[in-house]
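J.: If you're matching them up, the sequences are chains A and B in order.
Under this note's numbering, the letters of the first sequence match residues 1 to 289, in that order.
Under this note's numbering, the letters of the second sequence match residues 290 to 606, in that order.
Among the hints, erroneous ones may be present.
Result set (DSSO-like, lysine-lysine): computed pairs, CA atoms no more than 30 Å apart in a straight line [what the hints assert, rightly or not]: (1) A/Lys249 with A/Lys235; (2) B/Lys298 with B/Lys461; (3) A/Lys249 with A/Lys264; (4) A/Lys57 with A/Lys198; (5) B/Lys534 with B/Lys572; (6) A/Lys68 with B/Lys315; (7) A/Lys249 with A/Lys198; (8) B/Lys476 with B/Lys521; (9) B/Lys534 with A/Lys240; (10) A/Lys10 with A/Lys144; (11) A/Lys68 with B/Lys337; (12) A/Lys177 with B/Lys337; (13) B/Lys298 with A/Lys144; (14) A/Lys240 with A/Lys177; (15) B/Lys601 with B/Lys476; (16) B/Lys601 with B/Lys587; (17) A/Lys57 with A/Lys177; (18) B/Lys298 with B/Lys315; (19) B/Lys315 with A/Lys144; (20) A/Lys177 with B/Lys315; (21) A/Lys144 with A/Lys177.
By construction, these hints were calculated from the structure, which means they are not laboratory data.
These numbers come from a predicted model, not from an experiment.
For reference, the chains in residue letters:
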Amino acid sequence: MPSIFPEFVKTIEELQSISTQVRRDILRMVHAVNSGHPGGSLGCTDFLTALYFRIMKHTPQPFSMEGKGEDLFFLSNGHISPLWYSVLARSGYFPISELSTFRKINSRLQGHPATHEGLPGVRVASGSLGQGMSVAAGVALGKKLDQDSGIVYSLHGDGEINEGQIWEAALFAAHHKIDNLISTIDVNGQQIDGPTDKVMSLGNLRAKWEAFGWIVLQMDGHNLEEIVTTLSEAKNLCGKGQPVLILMKTEMGKGVNFMEGTHKWHGVAPNDEQLASALAQLTETLGDY
Amino acid sequence: MKKYPVLGKNDTRSGFGAGLLELARKDHRVVGLCADLTGSLKMDAFEKEFPDRFFQSGIAEANMIGVAAGLSITGKIPFAGTFANFATGRVYDQIRQSVAYSGKNVKIAASHAGLTLGEDGATHQILEDIGLMRMLPHMTVIVPCDYTQTKQATLALGNHHGPAYLRFGRPKVESFIPEDMPFEIGKAQVLTEGQDVTIVACGHLVWKALLAAEILEQKGISAEVINLHTIKPLDEATLLASVAKTKCLVTAEEHNIYGGVGDLISGVMARHFPLPIEMVAVKDSFGESGTPEELMVKYGLDTPDIVAAAEKAISRK
Numbered sequence: 001m002p003s004i005f006p007e008f009v010k011t012i013e014e015l016q017s018i019s020t021q022v023r024r025d026i027l028r029m030v031h032a033v034n035s036g037h038p039g040g041s042l043g044c045t046d047f048l049t050a051l052y053f054r055i056m057k058h059t060p061q062p063f064s065m066e067g068k069g070e071d072l073f074f075l076s077n078g079h080i081s082p083l084w085y086s087v088l089a090r091s092g093y094f095p096i097s098e099l100s101t102f103r104k105i106n107s108r109l110q111g112h113p114a115t116h117e118g119l120p121g122v123r124v125a126s127g128s129l130g131q132g133m134s135v136a137a138g139v140a141l142g143k144k145l146d147q148d149s150g151i152v153y154s155l156h157g158d159g160e161i162n163e164g165q166i167w168e169a170a171l172f173a174a175h176h177k178i179d180n181l182i183s184t185i186d187v188n189g190q191q192i193d194g195p196t197d198k199v200m201s202l203g204n205l206r207a208k209w210e211a212f213g214w215i216v217l218q219m220d221g222h223n224l225e226e227i228v229t230t231l232s233e234a235k236n237l238c239g240k241g242q243p244v245l246i247l248m249k250t251e252m253g254k255g256v257n258f259m260e261g262t263h264k265w266h267g268v269a270p271n272d273e274q275l276a277s278a279l280a281q282l283t284e285t286l287g288d289y
Numbered sequence: 290m291k292k293y294p295v296l297g298k299n300d301t302r303s304g305f306g307a308g309l310l311e312l313a314r315k316d317h318r319v320v321g322l323c324a325d326l327t328g329s330l331k332m333d334a335f336e337k338e339f340p341d342r343f344f345q346s347g348i349a350e351a352n353m354i355g356v357a358a359g360l361s362i363t364g365k366i367p368f369a370g371t372f373a374n375f376a377t378g379r380v381y382d383q384i385r386q387s388v389a390y391s392g393k394n395v396k397i398a399a400s401h402a403g404l405t406l407g408e409d410g411a412t413h414q415i416l417e418d419i420g421l422m423r424m425l426p427h428m429t430v431i432v433p434c435d436y437t438q439t440k441q442a443t444l445a446l447g448n449h450h451g452p453a454y455l456r457f458g459r460p461k462v463e464s465f466i467p468e469d470m471p472f473e474i475g476k477a478q479v480l481t482e483g484q485d486v487t488i489v490a491c492g493h494l495v496w497k498a499l500l501a502a503e504i505l506e507q508k509g510i511s512a513e514v515i516n517l518h519t520i521k522p523l524d525e526a527t528l529l530a531s532v533a534k535t536k537c538l539v540t541a542e543e544h545n546i547y548g549g550v551g552d553l554i555s556g557v558m559a560r561h562f563p564l565p566i567e568m569v570a571v572k573d574s575f576g577e578s579g580t581p582e583e584l585m586v587k588y589g590l591d592t593p594d595i596v597a598a599a600e601k602a603i604s605r606k
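With the hints as extra help, turn the sequences into a complete structure.
T.: Structural data, given as structure tokens:
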């Protein structure tokens, strides 16, 4: 039976150390191919680290597509793939050395996550935005049919929720009382063309999601203690007839001073000099790939 | 020429509904989704018997496709049903990324395809769906010809792994496939053997092709009618064996001339066996309101159109 690996239950200090290394991985991966999306990846690093190394019950080896009995995660904003790949590799889904193949020819680490190369940990392709909440809802429904106690997590960008399909999924999950689904929105206030308020105002997100019938929580996406507490609270709210939504406040580019709080680094890789400056701010805690 | 007596008239969507119910009784992994058209898709019997395995999706097709993909991850076999227009064009990117590219075992059940939706008009009469679906890598595309074959195809999809598109229609059409005729996904059926022309048809145009073959026989022309129920993967071997004899070909489909069966087979023939080909299809147009019968005549998809195409193909040899 899949069970939580003891080594995954990390202290806050250990999680901090992992997320620092993950940030180094992200920067080195996008720098190596001069492409990719560092901004959002750095912004969601603390969240995904806490999820994979503390919160989720999951079995990286052997990887099972169906994930019976496991908690499953779905990345809907697929462009922050370098973050996900680093977390997957460092939690044991595939060799850490494979991170060096990111976005290169013949790699399993496609620019946006894909399944057809068989990368362990990825269960559906994402990148074209707005689709992951529907998929996560379907997986959660399947688990309920199987009386599988696993919880399904999904992550979305705040720009991504411009997509109408997100709101279709929001209706659907509440209507069908999908109460084993915890979706998180990365509220960094930025999208490609600028601040979300300028591009497409999102209004009162808490009120919107509550009106759709979800339980809404909020957290600081850079306070690991708060992330762990909030995710634990979300888990406790499962099984009560409503899906759970977490509004996670983050800063794009978190951890690298010149990348923080701007959409400029959404889809731009650092040059050699910028990489050196960025890495100098992040201690190599677990060894670079 | 082998004759196929009419066994009745029934709608192919009812064949889907009957097949889904039978399949669900045999296999608990089968689940159903529908976007507020449960009665039209004939999924109501399934919903009634298996309420826990039916998921009403509301008028939200994009989400329905994503949910179906998610259900398939947990080992379910989802059949997602709506009108062909909303099952393809409206959700192309969702099918592309979450289903086809992700290799998910999702069955898209598309009713009311083509002109024979009738009076609702062109907004609902998709004539591009075969093209859209067959362009997707890994997508199986099935267009059964009558009630019995639609039921058979639905049952066969229960044992087929991977994304699939099943296209059927609204009106009652002639049933002529005997229940004991074997159905295999990807294996075209030679319904009548002939020497002078090969007629490849799909959907309810297969019946019209058989009628055309009878008329041609009276004119001394021997036609080989092939029921191409599976458009992808394409049974090239059966087609090539037929044209090796007949040396000319007619295709017949309720679809736009671009992107459909005629287009597909022309490419195969151009590569392997260049020969005269005539296509009975909608000539790059949208449909319009009217009765199914009127539309089939106006848009050149009727029996006399197939006869004329066959004579023209033969004359070009």
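J.: Next pair to validate is A/Lys144 with A/Lys177; report whether the Cα-Cα distance is within 30 Å.
T.: Between A/Lys144 and A/Lys177 the Cα gap is close to 10 Å, so the pair holds against 30 Å.
J.: Given the hint that B/Lys315 pairs with A/Lys144, test it: the Cα-Cα distance must not exceed 30 Å.
T.: Holds, at roughly 21 Å.
J.: Hint check: A/Lys57 vs A/Lys198, CA-CA at most 30 Å. Holds or violated?
T.: violated, 39 Å
J.: Quickly compare the C-alpha distance for B/Lys601 and B/Lys476 to 30 Å and report which way the hint goes.
T.: holds, 28 Å
J.: Taking only the CA atoms, is the gap from A/Lys249 to A/Lys235 under or equal to 30 Å?
T.: holds, 19 Å
J.: Between the alpha carbons of A/Lys68 and B/Lys337, is the straight-line distance 30 Å or under?
T.: Holds, because 28 Å separates the two Cα atoms, which is no more than 30 Å.
J.: Next pair to validate is B/Lys476 with B/Lys521; report whether the Cα-Cα distance is within 30 Å.
T.: holds, 10 Å
J.: Within a Cα-Cα threshold of 30 Å, do B/Lys298 and B/Lys315 meet the stated pairing?
T.: holds, 27 Å
J.: Holds or violated: are the alpha carbons of B/Lys601 and B/Lys587 at most 30 Å from each other?
T.: holds, 20 Å
J.: Regarding the pair A/Lys249 and A/Lys264, is the alpha-carbon distance no greater than 30 Å?
T.: Holds. A/Lys249 to A/Lys264 sits at ~18 Å (cutoff 30 Å).
J.: Below or equal to 30 Å on CA atoms is what counts here, so check A/Lys177 against B/Lys315.
T.: It holds: about 28 Å lies between the C-alpha atoms, which stays within 30 Å.
J.: For the pair we were handed, B/Lys298 and B/Lys461, check the Cα-Cα distance against 30 Å.
T.: holds, 6 Å
When each numbered hint is compared with the structure, violations occur for hints 4, 9 and 13.
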